[in-house]
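Undergrad: Chain residues, written in single-letter form:
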Amino acid sequence: MLTVNNIEVVYNDVILVLKGLSLRCEEGKITTLLGANGAGKSTTLKAISGLLKSEEGEVTKGTIEFMGEKINGMDPEKIVRKGIFQVMEGRRVFEDLDIVENLRCGAYTRNDRAGVKRDIDLVFDYFPILKERRNQLSGYLSGGEQQMLAIGRALMARPKLLLLDEPSLGLAPLLVQEIFRIIAKINEEEKTTILLVEQNASLALQVASYGYIMEMGKVVLDGPCEKLRENQDVKEFYLGIGESGSKRSFKNAKHYKRRKRWLS
Amino acid sequence: MEFYLQLVISGLVLGSIYALVALGFAIIFKSTSVVNFAQGELMMFGAYFCYSMVVQYKVPWFWAFLMTLVFSVILALIVERLILRPMIGEPVISIIMVTIGLSSVLRSIVTAIWGTQIQVYDPPLFPPTDVNIMGLPTSQVYLWSFGLSAVLLALFALFFKYSKAGVAMRATAFSNQVALSMGIPVKNIFALAWCIASVVSAIGGILIGSINGINVQLGHFGLKVFPAVILGGLDSIPGAALGGLIVGVLENLSDGVLKSVFGLQGIKEVAPFVFLVIILMIKPYGLFGKKEIERV
Chain F
254 MLTVNNIEVV YNDVILVLKG LSLRCEEGKI TTLLGANGAG KSTTLKAISG
304 LLKSEEGEVT KGTIEFMGEK INGMDPEKIV RKGIFQVMEG RRVFEDLDIV
354 ENLRCGAYTR NDRAGVKRDI DLVFDYFPIL KERRNQLSGY LSGGEQQMLA
404 IGRALMARPK LLLLDEPSLG LAPLLVQEIF RIIAKINEEE KTTILLVEQN
454 ASLALQVASY GYIMEMGKVV LDGPCEKLRE NQDVKEFYLG IGESGSKRSF
504 KNAKHYKRRK RWLS
Chain U
497 MEFYLQLVIS GLVLGSIYAL VALGFAIIFK STSVVNFAQG ELMMFGAYFC
547 YSMVVQYKVP WFWAFLMTLV FSVILALIVE RLILRPMIGE PVISIIMVTI
597 GLSSVLRSIV TAIWGTQIQV YDPPLFPPTD VNIMGLPTSQ VYLWSFGLSA
647 VLLALFALFF KYSKAGVAMR ATAFSNQVAL SMGIPVKNIF ALAWCIASVV
697 SAIGGILIGS INGINVQLGH FGLKVFPAVI LGGLDSIPGA ALGGLIVGVL
747 ENLSDGVLKS VFGLQGIKEV APFVFLVIIL MIKPYGLFGK KEIERV
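Protein chains in written order, with the working numbering: chain F, 254 to 517; chain U, 497 to 792.
The shape of chain F in the complex, shown without the other chains (with noise of 0.2 Å):
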């Protein structure tokens, strides 16, 4: 469904971001992208989005192709009416509109006044509490609603890909299981296809079906989740367990030589 090829990510002319990135999203599956901070995961999401160009950053090599269709370079409202809808790092809902407003705007690119209408019913089902505050404004809510807002407002375009910039950020445990659990049940019902970025690992190989593991703007390991869950270098680095299954301790970690390995 979404192929990236070989792309290049420049900010400013001069900061190269990606280095020749690939990857695909299988239709109605759950793509995971994880990697250390920096590693170029939100500037891939992106530049499938087109949201770079809003931050001096450009697609200089390579291609995105949705559905068949190149879509690099194209602008972001665009990309949107094709169905690609990001939801951004930081929640960053609309802090002085209420939820109903907010849900409006993700609603923005379709005309079926009666589909949204249904749609705000249907995110309602999906987040009850959203429906209890329905016109509080958004700036009040906490960041777990917030949260909830910020993809029941993606669903609200109706994307066939929707891309999640680390929903989990800054959210207490317990949030972060109820937010997967509902980013699962909305691929299931909706088959909705999602691109999931990630920090927390182990919930991210989880929900998803296969996995792509970036370090400096390249991806360096992937495969499907069981598989990427059962080797050693991800369980190490990124599921945090020791070789015989207990957490290892910073004593005898030596990191850095094992991760020159995969940078190779």
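Honestly, the hints are just simulated from the structure, not real lab data.
One should not assume that every hint holds.
[What the hints assert, rightly or not] List time: in silico DSS-like cross-link candidates among lysine-lysine, alpha-carbon distance up to 30 Å: (1) F:K306 - F:K272; (2) U:K779 - F:K370; (3) F:K444 - U:K660; (4) U:K657 - F:K384.
For chain F, the structure is supplied; the task is to place chain U on it using the hints.
TA: Below, chain U without anything else, positioned relative to chain F:
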């Protein structure tokens, strides 16, 4: 007593026109975060264009009015496209300087075309006869101006609350980038903001021109709208409306009182700015302006 009531009434009328122009100002600030110093000139341009239509080309009022609205939309699109859009992403101070430059250019164009003489609409927009309100003879221009401003303000309040474009404008005001990620065409929204601002200013210009006559001084009216906008809070639309009314009434009352009691002249011109300073000392965000919602 009657004297003061008279002052209040004319203050309200003046204030409602302030409110209208302040609305335009607030819309531009809110959605594009540009402080538009050329607001008064947009108003003047509209008023003069209408004057040309009505007096020089003898177009009936109704059509002249409509043509003025269309003209101000075109003017706004040109200004936005040629001058403001290339400035997107530049530092705020540069953009402010550009609008100040724009105001000079517009003023010179107006002077070049129409000269500096005071002009009046002839035939007048509203019948010149007076009507009685609570025993006070009040000119119909006042009533109509007040009514028209009130209706327009109400319409815009509804527009921002309920229409898709209105909600999208508020969303854009909050964050351009997030609005972009919703598929909201932010550039069009900016253009729309300028169009609305230009249209309401032109209407304000015609109204004030019907009351005081039109001349180049009309541009300064735009400056006097600042106290109104700041009193209401720069980014609040109801605030702009109320701020306009309050400033209008205060300006007229202080002028009338100081003139009759102390024999001081010309207070009218400074009064709004005195209020402005006082307001900024007490409530720097204005009556309705938001400090950012902060989650702790």
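Undergrad: For each hint, tell me whether it holds in the structure or not.
TA: Cross-check of the supplied hints:
The suggested pairing of K306 (chain F) with K272 (chain F) holds, with an alpha-carbon distance near 18 Å, which does not exceed 30 Å. A distance of roughly 40 Å separates the Cα atoms of K779 (chain U) and K370 (chain F); the hinted pair therefore is violated under the 30 Å criterion. Of the supplied pair hints, the one linking K444 (chain F) and K660 (chain U) holds, its CA atoms being roughly 27 Å apart against a limit of 30 Å. Proposed proximity of K657 (chain U) and K384 (chain F) is supported: the alpha carbons are some 19 Å apart, at most 30 Å.
Checked against the numbered hints above, the structure violates only hint 2.
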